[in-house]
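Engineer: In case you want the letters, here they are:
2 protein chains.
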Amino acid sequence: MVKEAWLTFLMQSLILQNSVYLSLMENFTQYNPTKVIFGREVADQLPAEISWKKALVIIGEASAKRNGLYARVVSLMNMAGLDHITYAGVKANATYQDADAAVQKAKEYGAEVVIAIGGCSVIDTAKAVALGFYSERSVWDFFMLKEALPQKALPVLNVLTIASTGSAMNSNCVLCDEENGIKKEFTSALIYPKTAFLDPYYSFTVPLKQTTLGVSIMIAYAVQQFLNEGDAVLTDYFTADLVRLAIQNGKEITENLQDYQLRANLMWLATVALNDTLSAGRNYTDKSITCIAFALDMCCKIGHGASLAIVLCAWLQMHQYRYLNRIKFLAKQVFGLEGFDYDATATTFIKKMEEFYRQIQVPTRLSEAGISINQKQRILHSFQVNKITVSNHKMTDADYETLLNLMW
Amino acid sequence: MVKEAWLTFLMQSLILQNSVYLSLMENFTQYNPTKVIFGREVADQLPAEISWKKALVIIGEASAKRNGLYARVVSLMNMAGLDHITYAGVKANATYQDADAAVQKAKEYGAEVVIAIGGCSVIDTAKAVALGFYSERSVWDFFMLKEALPQKALPVLNVLTIASTGSAMNSNCVLCDEENGIKKEFTSALIYPKTAFLDPYYSFTVPLKQTTLGVSIMIAYAVQQFLNEGDAVLTDYFTADLVRLAIQNGKEITENLQDYQLRANLMWLATVALNDTLSAGRNYTDKSITCIAFALDMCCKIGHGASLAIVLCAWLQMHQYRYLNRIKFLAKQVFGLEGFDYDATATTFIKKMEEFYRQIQVPTRLSEAGISINQKQRILHSFQVNKITVSNHKMTDADYETLLNLMW
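Protein chains in written order, with this note's numbering: chain A, 36 to 443; chain B, 36 to 443.
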């Protein structure tokens with residue numbers, strides 16, 4: 036009894052010291068000039084959005100050509116009197132080498148606009164090309180902060196084919212350097228796409244696995260923003276709605292990949308998860324979860340959505356006291372969990388999340404993803420190489436090891 | 036018993052015929068390029084947003100000068116090397132005559148930017164001036180559709196002082212013609228403000244009455260969007276969050292007008308209620324509630340927030356079968372009401388809303404607002420003059436009378 040009281044006291048002290056300080060609403064800036072045209076057959080509106088003569092089109096490894104979308108967009112560009120050349124073959128983990136090669140093509144051709152047809156890696160490549168067009172150096176130098184940014188960028192349009200990182204309507208761009216195992220995000224107001232065409236039909240052909248990995252991505256980004264400081268009640272509820280509906284629609288879509296309403300919901304959820312709606316009133320500087328997932332992406336190749344699910348669960352476990360109030364809020368709003376004591380709320384929430392990921396066949400442990408324990412040193416090395424640089428978490432080597440142990 | 040069964044059958048038939056068709060998510064476009072800078076002391080960032088030499092500043096009847104904000108902005112403009120002249124005296128129901136006079140001043144001065152310091156009527160006037168600057172005719176001709184729009188507009192900046200119609204971050208502009216008793220809304224992508232400075236402190240001096248009328252405004256606009264067609268589940272929950280939090284913060288602010296967090300919440304709620312977040316996935320063409328409230332504004336002068344509360348309650352009562360599913364959703368999400376039969380849900384929801392308005396001292400009946408029944412013909416005349424033009428509701432004279440009777 037005495038021991039229990041002492042434990043409670045200790046735990047409460049920990050909570051007070053470590054929980055996110057529930058401050059006022061943080062100052063913030065919102066600026067998102069991307070025009071989103073959402074719904075059935077919206078690509079038909081492409082000609083009305085075009086005021087250029089020469090485009091560089093960027094596509095992925097095959098999908099846009101396979102489902103007829105590429106041919107459709109080409110015919111619309113022809114109708115609009117827009118000549119083009121195409122850069123094909125962007126990979127799932129988009130590389131800076133592809134971006135640099137596409138910049139070269141764009142310069143030689145004299146492109147005035149970049150049109151991405153595909154998923155987030157294709158759109159991210161297009162964004163990098165838009166900036167790189169006005170620079171003499173590799174686009175990777177922007178990511179490594181070796182080069183000052185150009186003052187302008189080519190306009191970017193995109194026709195989205197998968198609901199995942201919301202790149203269609205934000206200013207983020209993620210590329211990687213495969214050789215050195217580095218994956219980084221880069222943000223600039225210059226690379227907000229000018230127009231995004233979001234037709235849920237174009238995501239009908241996304242296979243089950245990529246579909247549910249996309250669901251995992253939108254959830255992780257929503258929760259990551261939620262864990263940042265700033266007491267913003269509207270944003271709190273918006274975040275919980277988004278996570279809850281992503282879970283619900285994510286489960287349902289596994290039963291029917293061709294359901295328009297589910298595809299539409301997921302495409303819009305992914306967009307809103309990353310278009311700054313969920314960072315209003317927060318000081319959104321802590322991007323630890325995505326940074327660590329980038330490191331996993333580089334050494335494990337299990338898909339960004341799988342990396343994020345694994346990191347999110349481990350991160351919440353590692354920091355459950357720090358984020359207790361936030362986790363309690365999500366537990367109640369997403370799963371209706373309440374009335375538990377402190378420990379149980381966080382544990383139960385994480386368990387429920389893991390249960391959901393299992394239902395949609397996304398791994399929450401490296402072991403489930405087929406990564407054996409003898410990869411540990413390689414992964415720790417990747418964590419070092421992709422070291423989190425934000426001020427919020429100075430992770431020591433021991434911290435990385437603790438986190439990694441929670442991932443098995 | 037037989038009679039009851041027959042009544043139930045009749046009622047269900049009515050519901051099926053008249054309820055909003057629960058369709059798929061509607062196609063929609065979202066485009067909002069306004070940069071919002073939100074929080075404490077954000078006006079200090081004004082110089083960084085300025086790239087012009089000559090500004091027309093627009094303010095209201097006195098408030099911006101009274102609380103020192105005008106002097107602060109003037110000194111910031113001076114720091115930025117921005118010369119200015121000021122047009123003062125915009126009224127609560129902004130008139131086209133004020134806008135035309137300000138256009139004249141802007142032209143003579145050669146203004147390159149319009150800076151609004153004040154509430155929505157001031158910002159709306161600034162928007163009209165921005166367009167009118169490039170036209171030879173009265174701005175009212177845009178509203179009356181007598182004149183094609185100019186192809187460009189001056190940039191508009193604003194420093195907001197009250198949480199109400201979200202004009203700081205949208206493309207709407209409402210003006211009136213007092214002489215003919217007409218109040219109209221006008222929308223153009225050209226008049227999105229370039230930058231909006233939203234500092235909750237600047238709303239600390241808004242008196243109780245104007246504060247709660249502002250709360251009523253954000254709620255009515257949120258519900259109006261919600262009653263439009265299109266099945267958009269994320270938007271549904273976002274709307275319910277917004278209404279619930281406006282109610283909660285609206286009640287609390289009556290206890291303490293100087294609470295930063297409450298002022299911040301309300302300022303952001305008002306912004307989100309009208310920045311298109313809540314129309315995603317809807318075919319937002321039915322603006323009957325605001326149109327009818329404009330008509331009341333013109334003949335009763337009880338404040339737009341009071342007009343809206345009265346119209347909203349009457350409108351929901353008149354159309355409770357048509358909107359039953361939507362009302363049930365709000366009833367559950369906003370007040371936790373469920374398990375009632377059809378009739379009771381709508382009735383109870385409206386009662387709860389009325390109870391809330393009473394708590395914040397906003398009238399829900401014309402009689403409570405001091406408008407006597409012998410004004411009836413005048414009000415009906417105003418309804419005729421401001422006739423709803425949207426296709427969704429062809430209101431007959433009898434419909435207007437039915438609606439008006441529900442307002443007493």
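Be aware that a few hints might be false.
Label pairs and their computed distance ranges (CB to CB) [stated by the list, open to error]:
#, chain 1, residue 1, chain 2, residue 2, range
1, B, T240, A, D432, 33 to 43 Å
2, A, K286, B, E290, 54 to 64 Å
3, B, G116, A, K286, 51 to 61 Å
4, B, T240, A, T320, 26 to 36 Å
5, B, D432, A, N360, 55 to 65 Å
6, B, Y144, A, N215, 29 to 39 Å
In the DSS-like style, the derived pairs of lysine-lysine whose C-alpha atoms are separated by at most 30 Å in a straight line are [unchecked claim]:
#, chain 1, residue 1, chain 2, residue 2
7, A, K187, B, K229
8, B, K387, A, K70
9, A, K88, B, K229
10, A, K70, B, K70
11, A, K367, B, K229
12, A, K187, B, K89
13, B, K367, B, K422
14, B, K386, A, K70
15, A, K387, A, K363
16, B, K363, A, K367
17, A, K367, B, K386
18, A, K286, B, K386
19, A, K229, B, K187
20, A, K367, A, K244
21, B, K88, A, K229
22, B, K181, A, K70
23, B, K187, A, K89
24, B, K363, A, K363
25, B, K363, A, K387
26, B, K88, A, K187
These are computed hints drawn from the structure, not numbers from a lab.
Backbone N, C-alpha and C define an ideal beta-carbon position, used for all residues, glycine too.
Engineer: Each of the hints needs a verdict: does it hold here or not?
Structural biologist: To see whether the hints hold, each was checked on the structure:
1. B:T240 with A:D432: 33 to 43 Å: Violated - the Cβ-Cβ distance for T240 of chain B and D432 of chain A, about 54 Å, lies outside 33 to 43 Å.
2. A:K286 with B:E290: 54 to 64 Å: violated (43 Å)
3. B:G116 with A:K286: 51 to 61 Å: Check passed, 58 Å falls within 51 to 61 Å.
4. B:T240 with A:T320: 26 to 36 Å: Hint holds: Cβ distance 33 Å, inside 26 to 36 Å.
5. B:D432 with A:N360: 55 to 65 Å: holds (56 Å)
6. B:Y144 with A:N215: 29 to 39 Å: violated (58 Å)
7. A:K187 with B:K229: holds (18 Å)
8. B:K387 with A:K70: Judged against 30 Å, a Cα distance of about 38 Å means the pair is violated.
9. A:K88 with B:K229: holds (28 Å)
10. A:K70 with B:K70: holds (14 Å)
11. A:K367 with B:K229: violated (39 Å)
12. A:K187 with B:K89: With a Cα-Cα distance of about 26 Å, the restraint between K187 of chain A and K89 of chain B holds, given a limit of 30 Å.
13. B:K367 with B:K422: violated (33 Å)
14. B:K386 with A:K70: Between K386 of chain B and K70 of chain A the Cα gap is close to 40 Å, so the pair fails against 30 Å, i.e. violated.
15. A:K387 with A:K363: holds (13 Å)
16. B:K363 with A:K367: Distance of about 22 Å is within 30 Å: holds.
17. A:K367 with B:K386: holds (28 Å)
18. A:K286 with B:K386: violated (37 Å)
19. A:K229 with B:K187: holds (18 Å)
20. A:K367 with A:K244: holds (29 Å)
21. B:K88 with A:K229: holds (28 Å)
22. B:K181 with A:K70: Distance ~29 Å between K181 of chain B and K70 of chain A Cα, so the pair holds.
23. B:K187 with A:K89: holds (26 Å)
24. B:K363 with A:K363: Since the Cα atoms of K363 of chain B and K363 of chain A sit roughly 28 Å apart, the hinted pair holds (cutoff 30 Å).
25. B:K363 with A:K387: holds (29 Å)
26. B:K88 with A:K187: Cα-Cα ~23 Å, so holds.
Of the numbered hints given earlier, the model fails hints 1, 2, 6, 8, 11, 13, 14 and 18; all others are met.
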